[in-house]
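Visitor: Sequence:
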Amino acid sequence: AGYSVVTLHSEDNRPTHQPTKNNIEEELARMCQTAGRDDLLLVYFSGHGMLIDGQPYLLTPETRRLNAARQALSLAEVERQMQASPA
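Residue numbers for the sequence shown, in our numbering: 1 to 87.
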C-alpha cells in the first residue's frame with residue numbers, strides 16, 4: 001500500500017532502534033518532515049507516562065523520576081510536531 005513502518009523496541013540490539021528519547025525524537029522529526037499532504041501520520045507509543053507540572057509526558061527507558069522533566073518526552077511537543085507536518 002506504499003507505507004512504511006518504523007519500530008523502536010527495547011529488545012532490538014541495534015542502538016538506533018532502541019526507544020530512547022533521542023531516537024524517538026529523531027524518528028518523529030524525520031517522519032513529520034517527509035510526510036506529504038495526502039499522507040496519514042500515525043504514532044503509537046506503548047509505555048508509561050506521567051504528569052509533570054500538570055502536563056503529560058511519555059516515559060522512555062532512560063527516564064528517572066528525579067530528572068523526568070528533562071528525560072521524558074513531552075506529549076505536547078509530539079502533538080506540535082505532528083500538527084506542523086503536512087500530513
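The hints are simulated quantities; they were obtained by calculation from the structure and are not laboratory data.
There may be inaccurate statements among the hints.
Unchecked claim - Label-pair ranges, simulated between beta-carbon atoms: (1) A69 with S4: 29 to 35 Å; (2) M50 with R30: 22 to 28 Å; (3) R37 with R64: 21 to 27 Å; (4) D39 with R65: 32 to 38 Å; (5) M50 with E11: 31 to 37 Å; (6) A84 with P56: 17 to 23 Å; (7) R70 with G2: 36 to 42 Å; (8) D38 with R65: 41 to 47 Å; (9) N13 with G54: 36 to 42 Å; (10) S10 with R65: 25 to 31 Å; (11) E62 with V6: 26 to 32 Å; (12) E11 with A68: 22 to 28 Å.
Where is the CB? At the ideal position from N, CA and C, for every residue including glycine.
Visitor: Taking the numbered hints from earlier one at a time, note which ones the structure violates and give those numbers from smallest to largest.
Guide: As far as the earlier hints go, 3, 5, 10, 11 are violated by this structure, in ascending order.
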